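Undergrad: Assemble chains E, S and D onto chain P, guided by the hints.
There are 4 protein chains.
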Amino acid sequence: MLDFNTIINNIHNNLKHNVVKGVVASYIPELSKQDVNSFGIFMQHMDGRTFQAGDAEVPFSIQSISKVLSLSKAIAFEDNNLWTRVDVEPSGNPFNHLSLLELENGIPRNPLINAGAIVVADILCSQFKNPKEDFLQYVRDIANDQTITYNYKVAESERLTGFNNFAAANLLKSFDNLNNDVDVVLDFYFHQCALEMTCAQIAKTFYVFANSGKCINNIPHITVSQAKRINAIMLTCGFYDESGEFAFEVGLPGKSGVGGGIVALLPNHFVLTTWAPGLNAKGNSLLGMQALEQFTTQTNLSVF
Amino acid sequence: MLDFNTIINNIHNNLKHNVVKGVVASYIPELSKQDVNSFGIFMQHMDGRTFQAGDAEVPFSIQSISKVLSLSKAIAFEDNNLWTRVDVEPSGNPFNHLSLLELENGIPRNPLINAGAIVVADILCSQFKNPKEDFLQYVRDIANDQTITYNYKVAESERLTGFNNFAAANLLKSFDNLNNDVDVVLDFYFHQCALEMTCAQIAKTFYVFANSGKCINNIPHITVSQAKRINAIMLTCGFYDESGEFAFEVGLPGKSGVGGGIVALLPNHFVLTTWAPGLNAKGNSLLGMQALEQFTTQTNLSVF
Amino acid sequence: MLDFNTIINNIHNNLKHNVVKGVVASYIPELSKQDVNSFGIFMQHMDGRTFQAGDAEVPFSIQSISKVLSLSKAIAFEDNNLWTRVDVEPSGNPFNHLSLLELENGIPRNPLINAGAIVVADILCSQFKNPKEDFLQYVRDIANDQTITYNYKVAESERLTGFNNFAAANLLKSFDNLNNDVDVVLDFYFHQCALEMTCAQIAKTFYVFANSGKCINNIPHITVSQAKRINAIMLTCGFYDESGEFAFEVGLPGKSGVGGGIVALLPNHFVLTTWAPGLNAKGNSLLGMQALEQFTTQTNLSVF
Amino acid sequence: MLDFNTIINNIHNNLKHNVVKGVVASYIPELSKQDVNSFGIFMQHMDGRTFQAGDAEVPFSIQSISKVLSLSKAIAFEDNNLWTRVDVEPSGNPFNHLSLLELENGIPRNPLINAGAIVVADILCSQFKNPKEDFLQYVRDIANDQTITYNYKVAESERLTGFNNFAAANLLKSFDNLNNDVDVVLDFYFHQCALEMTCAQIAKTFYVFANSGKCINNIPHITVSQAKRINAIMLTCGFYDESGEFAFEVGLPGKSGVGGGIVALLPNHFVLTTWAPGLNAKGNSLLGMQALEQFTTQTNLSVF
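Residue numbers (my numbering), protein chains in the order written: chain P, 1 to 304; chain E, 1 to 304; chain S, 1 to 304; chain D, 1 to 304.
Just so you know, these hints were derived from the structure itself, not from any lab. Hints are supplied without guarantee of correctness; some may be wrong.
The list treats identical chains as interchangeable, and a pair is accepted whether it falls inside one copy or across any two copies.
[Claimed, not checked] Pairs of lysine to any residue residues, derived as SDA-like cross-links and limited to a Cα-Cα distance of at most 25 Å, are as follows:
hint, residue 1, residue 2
1, 214, 163
2, 153, 224
3, 132, 282
4, 214, 302
5, 153, 27
6, 16, 149
7, 282, 104
8, 282, 34
9, 153, 183
10, 129, 176
11, 153, 175
12, 282, 103
13, 129, 245
14, 282, 175
15, 282, 107
16, 153, 138
From a predicted model like this one, the values you see are computed outputs, not experimental measurements.
Pulled out of the complex, with its shape left as it was, chain P reads as follows:
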């Protein structure tokens, strides 16, 4: 039987001394303050056991990892109606995400690229009474943790510098694929991305996707089929233009964020979270990618 405790601690020990740790994201000024040496791993097994190493309980900015949570709630609201406004295909293109949006008449490639997540945010702005408060409550509920909160400084920092997201939202609006005002939707979106969570909290939150839609308290939040589909989207689209590489090297549904977090899961088995703020050239956590690769290589646990 696999000794997850040893495996995770060995991986952590091996990697934490790496000289090359990637580059901390600087385009959101608040994020650039992160320490490149931070490094945590947390595993939540479906049988209830947990394993951890390093900074597994230090909160950080989850950024794009939040896109899976907003998607989950939007699917709960709209089920398959959602797919008239956003597609489920990998984007393929590293360099020109607005280009594809233009070529495809304002229908984003998938809900995990920025443009797609902005459409999802627009849906939540329409469906929620108090979008920011209600979404936070949703995350706290599936995490079974009422302490989770937004980092308002990070949200404001992104509002002041997120010109590319303003470009995407306005382009969506020009294609009539945004119902609320650009400023309203992006205010929500920047807060959503500014959620602050620990590796442990993220793992407990994503339990819902590994557990066929029921959260760690055993309360159903989405259907079995919806959970499977979200996992499929994570596998094919979760790592930008490195998604194929991640499926190939790691073989698990997952999602990364520029804050340095990565969450991956094996349905019915476990959720595994890493945090290391240094990013590789494609914007994914360098140590996190290596840790996950080593984990699946050593354990032979993957969907394939």
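TA: Then chains E, S and D, alone, in the frame of chain P:
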């Protein structure tokens, strides 16, 4: 010797009964109120003679024709420094102007596409003390006509619906190719495009480009070389992705606007303006294009 | 316990009366002769049981399904060296596969699009002594079936009309990513695609990927890790620009061909093959896609 | 009055000592043998005078300059029917000419990019009885010089290495925009590009375009209107993605070739040819571009 009066009136008479007149632009709500039957032609010869037919003295929204005027002032301010921020190549692409901007790292293809004109507007916002007032005065001066003014309703109408321009400006900002605030630059830009002029006024204004940089009052505003270069840019880039077609069929430097105006000129000979609000599929005035084509075919007057 | 026999036969019965069956591929003249009413399903369980319905033992042209088999052999030859010449990312783009090849300097997006499969074919042309004969023997071996053969008419038909593949191969050559002559590589490639197999034969052949690299005779052909990676590539790239949709709706690694075949598999559980020559708008078998979707919906068997 | 003799010799003297001379094209092995120090200028005035400096009578490979000559003959054959198979818009894109061809369904952007010139070559292969012989005779006739010939080594060198042209021709064929066999059309095309001429010969040949369609012997070969249109196409499309720059800096219709030749003309005034084999980053003769820019700056002679 060519009888311009007869030629212009014959062309006007032939075309005004056309059943197919194109479609009035509707994306700026205020513009959609234009009468598709409006049709004017005005010719300003360099020898002082003028010829006209139809609605040549009815003011209309000059829209993108204004891009040549803002470019002229920006070149007067910055001369060749301008070209570090915007290129002079035809855009070629009808369908994805933001795509090219992304692919080329925020350097617009040329100053006559929207993204390029927004960079030019940014320069004027930096150089002018009171951008909107000062630019209006510049146009009045080269036109030798102090009655020219903005249509504020049109400017406001575009501000409320110009999401694609907000997308472009934010994208430029994300590439660090916009020094002023997006709202400031676009406020200027929407006013610039909302200039209201008649065919006659436009012809007198563009006299400066046909006359080696000296306006109709013989005052130099730009150098000979700058005038030539602006003419070159009009010839290669003045009609969006129909620029090649216009050079091929008409053979004159020119610029169109979605208000239905077109101005074309033969250096040292004449400026010719048309206005007919119905547009063809590529966004250029349908009757105007035909009128200009007939004019150069009948007179054999072109740069080639 | 799931009654696969009933499930498969019910699906077959329900779908075979569909009025809308898609369109038989016509761009390879020989393929256009297929009967749109052909419809077979075959399931090879890892426990040895087999289930089938309809035309499960009628041979058809496997076309792009062969790309997985050539990839498998190329990986056996080159292991990870292969990935310097072809990437593993989904292509994303339906409409312009050569465009991406140009933009990315002759490195195909993945080995399951045509350009990528042509690079793989080039590798086999270099590695095999008698490429066509040796590759056929490889397929016969992993299928445990010496009767499998090429359809030479189909191969010749494609040679005479496959201009797009000649374009791709020449473009690869211009980027120095093809070592053998274009004609040599494409002759091999057209034969590879012209392999003729039944649903049953394909299922037995793909057993190797569901069984961690050991074929149905329990002989290892590739390593566990190589088998996982091939499954990952099938999941992310197996259905052209419908790959995300397939992962989302079906949730299994798989591959389609324009002959109307689809193969899908759940590692350690089963291989499932369908054949119905009518294609949907994206070039995948219309009934086959529906059959697989119904199968995973009814059985809840997917990697997610 | 302008002293062309002094102007041209001064320009030649100034530039011939330039340290930076660009890079001789190497992708066609035969061309790489050219001496980077070769440099000639020739001017044919419409009044009969000629002026020259340096290697103006040394033959070189005219390469893409030939595209204007084949276009001229195709227009003479087909007039405006030609434009159903090729467009007249600038290509705009440096990096992906096949991409545009794909996006635009096999209709090349204009007849001066390779794909467009291959369509033109296809037309000549259909219209001429003995394409290579008849085309050579056409060129000799408009040049009034029976000594012009193909360099067969260059043609063969390109046939062996011109994979990108084979890609383009096959892509055109896949879109049904090539009537003859790829090998037949490209054999013609490679010979056409391998025409060997001196600066003097090219200037005398292009006299036909500066003289409203009548060659230097006063024989009409194309109509006035056809000559004007060819000049328009040269101005907007003659220098690849540097066409806007050339119009902007030089302001004359013209065409360059990778052999280092450039021809430019002012209708009704003169034809000016330069040859210097070193190319700039965009594939146009470095000294040639500078010589033409200096010439129009000093003389103020341009279409603008």
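Undergrad: Are any of the numbered hints broken by this structure? If so, which, sorted upward?
TA: 1, 2, 3, 6 and 13
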